[in-house]
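*Asks:* Taking the hints into account, I'd like the entire structure generated from these sequences.
For the protein sequence lines, the chains are H and G, in the order given. Using our numbering, the letters of the first sequence map in sequence onto residues 1 to 187. Using our numbering, the letters of the second sequence map in sequence onto residues 188 to 790.
Treat the hints as calculated values from the structure; they're not laboratory data. Treat each hint with caution, since some may be false.
Okay, derived cross-link-like pairs now, DSS-like style, lysine-lysine, Cα gap no bigger than 30 angstroms in a straight line [said to hold, decoys possible]:
no.: 1; chain 1: G; residue 1: Lys419; chain 2: H; residue 2: Lys11
no.: 2; chain 1: G; residue 1: Lys231; chain 2: G; residue 2: Lys308
no.: 3; chain 1: G; residue 1: Lys308; chain 2: H; residue 2: Lys167
no.: 4; chain 1: H; residue 1: Lys165; chain 2: G; residue 2: Lys474
no.: 5; chain 1: G; residue 1: Lys733; chain 2: G; residue 2: Lys776
no.: 6; chain 1: G; residue 1: Lys460; chain 2: H; residue 2: Lys167
no.: 7; chain 1: H; residue 1: Lys167; chain 2: G; residue 2: Lys494
no.: 8; chain 1: G; residue 1: Lys494; chain 2: H; residue 2: Lys156
no.: 9; chain 1: H; residue 1: Lys165; chain 2: G; residue 2: Lys462
no.: 10; chain 1: H; residue 1: Lys125; chain 2: G; residue 2: Lys474
no.: 11; chain 1: G; residue 1: Lys462; chain 2: G; residue 2: Lys759
no.: 12; chain 1: H; residue 1: Lys165; chain 2: G; residue 2: Lys409
no.: 13; chain 1: G; residue 1: Lys419; chain 2: H; residue 2: Lys4
no.: 14; chain 1: H; residue 1: Lys167; chain 2: G; residue 2: Lys474
no.: 15; chain 1: H; residue 1: Lys11; chain 2: H; residue 2: Lys156
no.: 16; chain 1: G; residue 1: Lys239; chain 2: G; residue 2: Lys759
no.: 17; chain 1: H; residue 1: Lys11; chain 2: G; residue 2: Lys474
no.: 18; chain 1: H; residue 1: Lys11; chain 2: G; residue 2: Lys497
no.: 19; chain 1: G; residue 1: Lys467; chain 2: H; residue 2: Lys11
no.: 20; chain 1: G; residue 1: Lys462; chain 2: H; residue 2: Lys11
no.: 21; chain 1: H; residue 1: Lys156; chain 2: H; residue 2: Lys167
no.: 22; chain 1: G; residue 1: Lys467; chain 2: H; residue 2: Lys167
no.: 23; chain 1: G; residue 1: Lys467; chain 2: H; residue 2: Lys165
no.: 24; chain 1: G; residue 1: Lys467; chain 2: H; residue 2: Lys156
no.: 25; chain 1: H; residue 1: Lys11; chain 2: G; residue 2: Lys494
no.: 26; chain 1: H; residue 1: Lys165; chain 2: G; residue 2: Lys460
no.: 27; chain 1: H; residue 1: Lys167; chain 2: G; residue 2: Lys497
no.: 28; chain 1: H; residue 1: Lys125; chain 2: G; residue 2: Lys419
no.: 29; chain 1: H; residue 1: Lys125; chain 2: G; residue 2: Lys409
no.: 30; chain 1: H; residue 1: Lys156; chain 2: G; residue 2: Lys474
Just so you have them, the derived chain G footprint on chain H, three or more residues with Cβ under 8 angstroms [to be verified]:
no.: 31; stretch: 40-49
no.: 32; stretch: 55-67
no.: 33; stretch: 125-136
In this text, all values refer to a predicted model and were calculated from it rather than measured experimentally. A virtual CB, placed ideally from N, CA and C, is assigned to each residue, including glycine.
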Amino acid sequence: MRRKIAVVPEKCSGCRICEMACAIHRQRINNPKKARIRVTTIYPHPVVRMPVVCNQCKDAKCMSACPADAIYRQNGVVKIRHDDCMGCHACVEACPFGAMYIHPDIDVPLKCDLCEDSGLPQCVKMCPTGAIVFMPEHVFGQAHRLNNVLSYTHMKEIEYMEHGKPKRLHYADNNAAERRDRTEGER
Amino acid sequence: MKKHNGGYFRKILHVDMTGGATRTEAIDDEFIETYVGGRGFAVKLLWDNLIKNGPTDPLAPESMLVVAAGPLTGVYLPSSGKNSFASISPATRLFGDSSMGGGFGVELRQAGYDALAIVGKAPDLSYLFIDDDVVTIVPCPELKGKGNLETEGRIRDRLGDHGVRVASIGVAGENLVRFACVTSEWSRNAGRTGIGAVMGSKNIKAIVVRGHQDLPVAEIDKVIEISEQAYKELAAHDMMGHWQRQGLMGVVDYANAMGILPTHNFRDTHWEKSKSINGKTMLASYKIGNTACFGCPMCCGNINLVKEGKWAGTVTEGPEYESAAMLGSNLGVDSFASVLRGNHLCDELGIDTISTGNLIAALIEGYEKDLLTLDDLDGKPVIWGDDDRIMEIIEQIAECRCVGATLALGTKGVLERWPQLGPIVLHVKGLEQSAYDCRGASSMALAYGTSDIGAHHSRAWTVGKELEMGTDWGINEKTELVIYHQHIRSLFDMFGVCRLPWIELGFHEDFYAELYSAVVGQEYSLEDLLARSQHVYDMTRAINVKLGAAKGDDYPPARTFIPIHSGPLAGKVCNRDEYEQMLALYYKKRGWDEQGKPPITCD
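*Replies:* Structure below.
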């Protein structure tokens with residue numbers, strides 16, 4: 001089962017621990033500018049903080065842009081063959097997400113390879129707010145689905161008391177839906 | 188002498204804004220061993236400048252502005268995003284510094300400098316751009332009068348790089364408001380002692396940095412091991428979730444319950460309406476996100492948005508406790524939206540919320556008690572909780588207009604113009620008091636009184652500890668606690684790390700000594716390091732003595748000696764005799780003479 005890194009920007013605080021964890025484990029160096037994941041913060045229009053990291057795309061633009069055929073896929077992970085890379089950075093320009101990075105000390109672009117496919121990636125492991133997650137591909141989009149369902153406009157609401165405190169319950173009313181169907185049917 | 192194999196770039200960048208000359212000063216192991224970094228480097232640079240130029244107007248070109256990161260700034264460890272801004276303070280005319288969080292210090296280090304020292308005055312409003320080893324002064328007349336948020340955005344756009352770090356001043360800094368701050372990442376402030384005015388006096392709208400270099404770490408494997416254990420411990424801490432959700436806003440309820448919440452210019456220390464400005468109110472209706480400084484899992488910053496009402500659309504990172512209390516309960520403002528608005532204006536215009544909240548509160552009380560006339564207020568009264576008028580005065584302070592022109596001079600200027608406010612302005616050495624009342628805990632009164640920069644809490648925050656466990660302490664314990672805090676907290680500023688994991692999540696001090704040793708590749712004990720911190724503290728005192736500070740400046744605000752009349756600590760007051768005894772003991776324990784002079788002099 002393939003797993004991928006997903007980011008939840010709503011949970012990101014912009015602390016950049018992911019950058020440090022990446023650089024320090026992969027490069028053995030204390031330099032967030034050598035990370036394969038970077039946090040972009042925009043404020044105040046709009047207010048958003050988002051870690052940007054490779055999506056391991058199925059049709060990878062970086063791969064097709066590479067004039068040296070140095071980018072390949074192994075077990076679903078998009079990787080760079082260092083010996084073949086000519087350092088032209090065409091892949092960096094081609095990535096629609098800006099998820100490939102360059103550092104002057106390193107000839108080959110920096111790109112996430114899911115910590116060489118060795119289990120839980122370091123950024124996921126160290127993220128203190130759960131903004132970076134590692135999950136099976138078929139689970140992707142669940143957050144959006146959940147948001148979509150929760151914001152379902154026909155939801156009903158009741159207020160009630162529990163241990164003396166007011167509470168609210170939301171529910172999708174089966175009977176109301178049947179009534180609506182009947183009315184629409186009559187029409 | 189120890190040889191340090193990591194932790195430092197060994198370079199201090201000197202910039203003269205007058206002619207644009209720059210040079211780098213190399214620092215050796217002796218310098219490192221003596222001053223450690225961060226605030227320690229800043230104190231040494233200001234010391235040398237004071238000897239070279241003698242006492243000068245803090246806003247004169249010869250005055251020096253220092254930005255110093257520490258050897259742990261940007262290192263893989265919890266909460267390593269701190270750096271110090273320091274200068275002779277235009278508010279107190281004594282040593283002044285303020286610590287800023289975020290990522291500015293990390294970037295400065297990545298550009299290859301441990302510290303930056305600026306003198307002179309640019310001919311036109313400019314920003315200083317440090318792009319690794321290329322340093323340029325770029326005129327930016329178009330940014331005159333712009334707020335911090337806009338300035339930061341425009342500079343990023345102009346450079347076409349969203350990743351640069353910007354530390355800017357708002358209109359208040361340009362107008363030399365004595366409590367103007369320096370702001371980075373839109374709302375991370377070096378808030379206290381008016382460093383923003385020093386920047387303004389040099390015609391510097393912003394300092395922009397970009398770097399790419401590796402931070403030197405001697406024993407990287409050891410750092411990883413120690414730090415990841417630390418991250419793990421913090422994550423498992425019971426209070427971690429609370430800190431991530433509420434940050435320092437959780438302190439509002441704590442301070443109110445303990446009876447130390449400043450209310451109506453510290454007349455009261457408990458407020459029945461405190462729920463209107465507490466963390467729960469924020470969570471229920473305003474919070475939209477977290478922010479964190481570099482490397483910090485606690486993410487104590489809250490991003491808040493006002494969604495309805497007259498301040499709808501106001502978005503701000505904050506408030507934290509100080510701002511909520513000083514712009515909320517201390518001004519009688521019982522609407523969280525108004526507190527947010529005030530916080531936003533202070534950030535955008537670039538003034539310190541603590542000083543602002545104190546001075547406006549004194550204005551309101553002064554008017555209420557007929558110490559000020561309607562004419563003094565430009566014919567427009569101001570009363571507790573009058574948020575519209577308070578917002579107007581905040582803008583007037585930054586723009587030096589109307590009554591704001593007087594408040595902009597800070598406590599010292601206000602008291603020259605209106606000496607009758609002496610008993611009601613809460614300050615030490617000319618710096619307004621932070622949002623913790625100290626009458627229930629005399630160690631805190633001593634902490635405020637003896638603080639080198641004035642009445643600031645983060646020099647020694649002993650109030651919580653004394654109220655929680657030391658109500659029967661003698662003056663010996665209290666004095667020792669203050670001195671210990673003044674040294675350990677200085678050490679955090681010297682390292683370039685935040686003190687919150689230590690003070691709030693019980694993280695052990697020894698961790699930092701162990702980690703520093705791994706970073707520099709030399710064994711240091713906590714005692715070694717505290718001895719260096721003490722030396723730096725003595726140097727600061729010597730600077731202050733040279734600039735005219737004396738024993739008379741080491742007393743808490745006048746109100747400290749008047750009993751609290753309501754709340755959990757009703758009747759509590761700082762006893763003057765006890766204070767005198769504590770102060771004498773404090774000097775003695777520090778090895779200072781009876782007048783508070785340290786054994787070293789700044790000559």
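*Asks:* Of the numbered hints stated previously, which ones are contradicted by the structure, given in increasing order?
*Replies:* Numbers 3, 12, 16, 32, in rising order.
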